[in-house]
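**Q** The chain contents come next:
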Amino acid sequence: MEALIRPEFGLMFWTIACFVLLALVLSKTAWRPLMQAVEERERAIKSDLHAAESSRAKAEKLRAELDAQMAAMKAEVRRSMEEARISAEKEKDILIAAARKSALIIIEAGRKELDAQRQEAARDLRKRVAELSVMAAEHIMMKQLDHRANTDLASKYLAELEKERPDLKLECE
Amino acid sequence: MGLKEILEHHVVDHVWSWIVMGPLRLPLSKHLLMMGIASLILLTVFPALIRSRSAALAPFRAMIEMVVLFLRDEVVIPNLGAKGAGYLGYFSTLFFFILILNLLGLVPYGATATGNLAVTGGLALTTFALINFAGIKEQGLIGYFGHMVPKGVPAWLYPLLFPIELIGLATKTFALCIRLFANMIAGHIVILSFISFIFIFGSFGVAIGLGVAPISVGLVLFTLLLELFVAFLQAYVFVFLTAIFTGAAMHPH
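For the record, the sequence lines run as chains U and W. In this text, residue positions in the first sequence follow the numbering used here: the first is 1, and each later residue adds one. In this text, residue positions in the second sequence follow the numbering used here: the first is 1, and each later residue adds one.
Source of the hints: derived by calculation from the structure; they are not laboratory data. The hints are all genuine.
Here are the computed lysine-lysine pairs in the DSS-like style, where the Cα-Cα straight-line distance is at most 25 angstroms:
hint	chain 1	residue 1	chain 2	residue 2
1	W	Lys-172	W	Lys-83
2	U	Lys-28	W	Lys-137
3	U	Lys-46	W	Lys-83
4	W	Lys-83	U	Lys-28
5	W	Lys-151	W	Lys-83
6	W	Lys-83	W	Lys-137
7	U	Lys-112	U	Lys-101
8	U	Lys-127	U	Lys-112
9	U	Lys-143	U	Lys-156
Extracted from the complex, chain U is given alone in its bound form (with noise of 0.2 angstroms):
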């Protein structure tokens, strides 16, 4: 049984020159590949994080720009057509002002075309009742007209004038 545990040291010396160089020349052709793959995939992974790390902020960065941006102008479409209504309400009683100027002004100019076809009318009523009324005179005189009655008339008439204006008095005594 002793041979179980009497070490041999020939073949200990193949395991040291064995494992010793296993060691130098692994860690050429497979660990330093390997951590060099693994080390890229890591910085891969990284760089790719701090990406989306930098994306997404810059997205919520640009989501609150556009936010402020819709604000404004929801805040400038209301006072637009704040100011929209506000004109065309002046506007409305401006437009309502000037038509009923304009109104008022065809009813007055209206009313004096009346008025004043009014008067041409009762003028003209009034000549050619003047005139009729001499005309039915002048008839009504010349049937009547009788020369004594007339002459003591007139002399009455002139005596009364010449009464009354005594600088007219005919000179006739």
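Let chain U serve as the given structure and place chain W on it in line with the hints.
**A** Okay, now just chain W, sitting in the frame of chain U:
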């Protein structure tokens, strides 16, 4: 043929011939062949797997990568600090070398090279060298030996403690060597014993032997699975303890 012969046949190295180089007598043996196979696998299959870009080999690549990353993040960096990343190649090689040697012992016609004191002793010696190398590189020769005795120890205890610490350094690596050796050999001995039960009981009567056989085979299968687990576990333990000792040598506080 007694159990002793069977055991020695299955567990102990077979030396086929010797190469004599002056004082060195180098054996050409079965365990050396196993180490050669393991080295061949490590030197050809691993780089090929790692460098290949084929999707079919991706799972194997991922397995290697997972183990190496585990060693880096859970074993090397916590014990050796950030500077320890440079030693990752050593630890990865150590882990896979021990693991493959352990697993080769479970393959039919294979032999467990890690169940040989010379092999585990060789590995422990490289660990011993690594511990001292890393410690001296990190703290300088004087600093390393100065920090060997823990701080706060009265000055008159130094002459006593310094040799104890030196012995402790050797003990640690010796324990590493014995732990791996014993763990790898124990499973084999247990399996051989279970199989021998069949023949021991068979000597009482053929029927008894046949009756015991299924139980024995079941136990052998269980032990084999246990050995498979132990193969991974002991590779990890060896590497982990090496990392702890190296870390302790690098950072004495």
